[in-house]
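Engineer: Chains as they are written, first to last, in my numbering: chain A, 1 to 309; chain B, 310 to 941.
These are calculated hints, taken from the structure and not from any lab test.
Where hints are given, some of them may not hold.
Stated by the list, open to error - Within a straight-line C-alpha distance of at most 27 Å, the following computed DSSO-like cross-link-like pairs (lysine-lysine) qualify:
1) A:50 - B:846
2) B:724 - B:418
3) B:847 - A:50
4) A:54 - B:619
5) B:846 - A:54
To be verified - Non-contacting residues of chain B with respect to chain A, defined by C-beta distances greater than 10 Å in every case (computed):
6) 326
7) 479
8) 582
9) 640
10) 691
11) 718
12) 721
13) 895
Please read all numbers here as calculations on a predicted model, not as lab measurements.
For each residue, glycine too, the CB sits at the ideal point set by N, CA and C.
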Amino acid sequence: MIAEILVLIFMPVFVSFMGLLFMGIQRKITARVQNRIGPPFYQQFIDVMKLFSKRENIGHNWVFDIGPIFAIVGMLTTMLFIPMGGFRLLSMDGDLIVVMYLLVISGLGMALGAGASGNPNAGIGVMRGLTLMMAYEMPFVISVLAVMVYYHTTSLAEIVGMQSGMWALIILPLSALVADMALQAQFGKKPFDQPIAPAEVATGPIVEYGGKYLGMLMVAHSIGMFVEAGLFIDIFLGGGLLFHQPGIIWQVFNFLFWVLLVFALYTLAVLVNAIMPRYRIDQAFVFYWKWPTIIAIIGLAYALGVSVW
Amino acid sequence: MLEFLNPMLRPEWMISLLFIGALLTYFAGKVSSALRTTFAIIFSVFVAFLVFLSGSRDVLTYWRPSASPMGFRFVLSINALSWFFALMISMVSALTIVYSAGFGKNTEKDNAFYGLNLLLMGAMLGVVFSGDMLSFFIFWEIMTLASYLLTTLAGKRAEKGALNYMIISTAGAYSILIGMTMIYTRFGTLEFSGLASVMGGADPMFLLITLSMLGIGFAVKAALAPFYVWAPPAYSEAPDSFTPVFSGALSKLGPYGFTLFMYGIVGLPALAKMGTFRGISDFGYIIALLGSITAVIATLYAIAQDDIKKLLAYSSISQLGYVMMGIGIGTSIGVAGGLYHALNHAIFKTTLFMGAGVLIYTTGSRKLSDMGGLGTKMPITFLTMLIAIFALAGIPMTGGFGSKWLLYEAAIDKKFVLIAPLAFIASVGAFLYSFRILQSAFLGQLPERLKGAKDPSPLITIPMLFFAGLLVLFGIAPGIPLGIIASVESYLGIPALNVSTYSVYLGANFGAYNAFTVMTVITLALLVALALFFIAKKSRKVGQTDTYMAGEVPEHHVDLYLHYSMNFYRPLERIFAPYLRNRLERLYDAFGSGYELISEGIRRIYTGDVQHYVYYVMVFLAVMILAGWWWL
Chain A
1 MIAEILVLIF
11 MPVFVSFMGL
21 LFMGIQRKIT
31 ARVQNRIGPP
41 FYQQFIDVMK
51 LFSKRENIGH
61 NWVFDIGPIF
71 AIVGMLTTML
81 FIPMGGFRLL
91 SMDGDLIVVM
101 YLLVISGLGM
111 ALGAGASGNP
121 NAGIGVMRGL
131 TLMMAYEMPF
141 VISVLAVMVY
151 YHTTSLAEIV
161 GMQSGMWALI
171 ILPLSALVAD
181 MALQAQFGKK
191 PFDQPIAPAE
201 VATGPIVEYG
211 GKYLGMLMVA
221 HSIGMFVEAG
231 LFIDIFLGGG
241 LLFHQPGIIW
251 QVFNFLFWVL
261 LVFALYTLAV
271 LVNAIMPRYR
281 IDQAFVFYWK
291 WPTIIAIIGL
301 AYALGVSVW
Chain B
310 MLEFLNPMLR
320 PEWMISLLFI
330 GALLTYFAGK
340 VSSALRTTFA
350 IIFSVFVAFL
360 VFLSGSRDVL
370 TYWRPSASPM
380 GFRFVLSINA
390 LSWFFALMIS
400 MVSALTIVYS
410 AGFGKNTEKD
420 NAFYGLNLLL
430 MGAMLGVVFS
440 GDMLSFFIFW
450 EIMTLASYLL
460 TTLAGKRAEK
470 GALNYMIIST
480 AGAYSILIGM
490 TMIYTRFGTL
500 EFSGLASVMG
510 GADPMFLLIT
520 LSMLGIGFAV
530 KAALAPFYVW
540 APPAYSEAPD
550 SFTPVFSGAL
560 SKLGPYGFTL
570 FMYGIVGLPA
580 LAKMGTFRGI
590 SDFGYIIALL
600 GSITAVIATL
610 YAIAQDDIKK
620 LLAYSSISQL
630 GYVMMGIGIG
640 TSIGVAGGLY
650 HALNHAIFKT
660 TLFMGAGVLI
670 YTTGSRKLSD
680 MGGLGTKMPI
690 TFLTMLIAIF
700 ALAGIPMTGG
710 FGSKWLLYEA
720 AIDKKFVLIA
730 PLAFIASVGA
740 FLYSFRILQS
750 AFLGQLPERL
760 KGAKDPSPLI
770 TIPMLFFAGL
780 LVLFGIAPGI
790 PLGIIASVES
800 YLGIPALNVS
810 TYSVYLGANF
820 GAYNAFTVMT
830 VITLALLVAL
840 ALFFIAKKSR
850 KVGQTDTYMA
860 GEVPEHHVDL
870 YLHYSMNFYR
880 PLERIFAPYL
890 RNRLERLYDA
900 FGSGYELISE
910 GIRRIYTGDV
920 QHYVYYVMVF
930 LAVMILAGWW
940 WL
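Looking at chain A on its own, in the form it has when it is part of the complex (with noise of 0.2 Å):
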C-alpha cells in the first residue's frame, strides 16, 4: 500500500523532469538536422525556472487563471491511469475510454482559459486545435477500436497483459502505423502544429501566457508527452514490458526500457518535425480523413475478421 502510494507521487516528479530533458534533447537534436548548434540540453530546466520566478505575472481574469491549472490536473490524471512502464498506478479503475476522456479536459481547460484572454489569435489557435482534434481522432479510433476487438477487452491493463506473448504492432501493423500518424498531431509537432504555429497565429492558445502561466504549462506538456506516448506504447508496444520474470531487478529493467520508448517515439516525432512545412488547417483535416482513415479502415477490418471468425 505504501508503496503503490510512493510510487503514485514519485511517477508525476519523474515524468515532469524526463519530459523537460527530453525536450531539450529535442531542441539539440532538431538543431542537429537543421546544421545549427542549439541550445544546451538543460535550457528547458532553466526556462521553467526563470518562468516560475518571474517578479510580475500578467492575468486577465480568474477564468483565464484555469486554463494552465486545468492543463496540469488534466494531464496529471491521466498519467495516473494509465500503465506505465510495469507500474499499473490507478489503471484498474478506469479503462481506456476513461483515459480517452480523462486526456480531454486538459486541452478544453487550456482552451477556455485561451478564450478568456480576449485575444483573436488565441481564439484561432484554439479553432484550429479542435479541427485537428477531429481530424486525427478518426483514424486513431478506428486503429484503437482495431486493439479493443481484436483482444476483446477496453482495460488498459488487460491489454497490456494479453500483449505478453507478442506486441500488437507485430499483430495489427496497420492499425499501430496509423496511431503513430496520430501521434504526430498529438505531440503537435509539424506539419500538424497548425494549433500553435507561431509565425501564423503567434503561439495561439499561449499568447498571452507569461512568467508562472507559461512554467506550468510547460509542466503540463512535459507530463503530456509522457502520457501520449505511454498510451501509443501501451495499446501498440505491450506497455514496455521486455521481461516477465517477477523481480526487482527485471522491474528497473522494464521501467527503463519504457522509458527508452517514449525517448524514441518522442524522437521518431521530432525528426518528422525538424524537416517538414506545416499543413494549412483544412488539408491536415482532409489528410487525416483520407489515407490513414482508410488505411485504418483496412486495419479494423482485419482485426475483425481475425477475431470474429
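Since the structure of chain A is already known, use the hints to place chain B on it.
Structural biologist: Leaving out everything else, chain B in the frame of chain A:
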C-alpha cells in the same frame, strides 16, 4: 411525515391535477398575472413532488373500469419504467415553469402559455402512465397538439416550423394508430399487460410490421434520421421558455415508446426471432445504426450553426441518436447507457436551453457572434452552462460521462465496428460545437453594449443551479441514477447492470469505471496545481484590450475585430459544405411537390358538372355489381 399524501400518489390524481390546474391557470390569468404564475408553479411543482414520492413504493398498477361502449378499460399504472420517465418529465417541466416565471413575460399570450404548459405536462405524464394503447394514443395526441400550440405562441416566425412539426407528427401518429389497430385486430386487447403475454408468440413478420409502424411514430418524436427535419426549426423557433421542455422532456417520449414496445411488450426472446446479428435482434441493430448515423449528421450540422438555439437543436438530435443507439443495441449495458443518456440529456439540454434563453434575453440576439465576454459578468449562468457543456461533451466528473462510457462499452462489447467509430466521432464533434458556445458567448471580448449585463433573478438561476448540481452529483455517484435504471432493466426482463454507488463493473471482459477514484485523483491534482499556482508571485490583472497585437493599438469597435466568433469553424465548414446542403429537406420537398402533382390530377375529377358526377356514380355501381357477381 408525508403519509397524508399517500392517497394522491395515483396516476389519475397527478394527471387530473395538472389538467384542472391548466384550466385554473388560464382563467386566473384573466384576473391577475401574478396569481396565474403562482398557480402554475404550485400545480407543476406539487405534481412533480408527487411523482418523486410515488417511486419510493413498489410497482403498482391501478385499474379504472369505465363504461365505454366497446368495453375498453382505461388503465393507468406506475411501474419502474414509467416512473423513471415520469420523474424526468415532471422534473424538467416543473422547473422550466419556475424558470419562465422569472422572465415576467414569455409570449404575447402568457395565460395560454402557462395553461398549455400544464396541459402538456399532464399529457406527457399520461403517456408514460398509460397502461393501454387507447389512452396512450389519446394522451400522445393531446401532447402533440399542446406542444404545437405552444410553439406557435412565439409569433409569426414560428408558424412554418410549427406547421412542419404538426404535419410530420400527424403522419407519425397515423403510423402509430395503424400499428395499434393491427395489434388490436390480431389479439383483441388493448391493455399492455395482456399484450405482453401474447405478443411474444406472434410470428416475426407481424412483429416486424407492427414494430416498424409504431417505430416510425416514435422516431418522429425522437427526431431520428430520416425524420428529424422538423426538429431544428421547431426547437429553435419555439418560445425560449418552452424549448427546454420541448427538447428536454418531450423528445424523450420517442425513446420511451421504443423501450416500452420493444422490451416491455414484445420482449427480447420474440425480438430475437426476427433474426439476429451477433446476438442482437436485427430490428434493434437497425435502430442503433440509425441512431449513430443521426448522431454524426446532426453533429456536423451543429458545428456550422451561429444561431445558439439552432445549434442546441441539432445537438439535441445528435444526443437522442445516442439514446436510440443504446436502446437499439438492447444488451444490459446498451439499454442502461441509452436510458442513462436520456436522463442526462434531459438535464443538461434543459440547462443549456435555459441558459440560451438567458443569453437571448440579455443580449437581445440569438446570434452567437453578437455575444462575447459574458463569463465574468454572468458567473452563475456561465458556470451552470459550463457544467452542462462538460456533461454534453462527456467529461468525467459530470453525469454525461457515465452514459457515454456505457454506450461505447456496449458497442465495443458486441464488436459493432460501424456504430462505435460513428459514436466516437460524433462525440469529438460535440467538443467542437459546445466550445463554440463557450467561446462566442462567455469568453473573448465583451462588447461595449453588454457592459451592464448581469445574472438574472433567482427564479431563473435556481432551476439551472439545481440541474448543474444533479450533473455533478451523478458524476461522483453514478450509482444513484444507474440503480434506478437497473430496476427498470429487471422490470423489462433485461439482465440488470451491476452497480455500486460510486463504480460500475461490467464484468471480467471489460474495463471498469470508478467515479470516486477519478474524483479523488482530480481533487488531489487540483491541489497540486493550485499549490504551484499560488507559490509563484500573484498576478496583476489587465484589461481586455491589453493583449498582444503585434504593435497595433485597438481604439474603437474593439469587439468587432478582436472577438473571433463569426464563422468560427470556417475551414471545417468549407470541407463539409458540399455534403450537407439540406439533402433530406430537398427529398421531402420533392415528395411534397410530387404529392401536389398527384392531388392536382385527382382534383381534375371534380369538374363541377353534375352530369359527370352522375356518370361516376353509374360507373361505380356497375363495378360493384360486376364485382359482386364475380365473388358471390
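Engineer: Sort out which numbered hints this structure fails and list those numbers smallest first.
Structural biologist: 2, 4, 10, 11, 12
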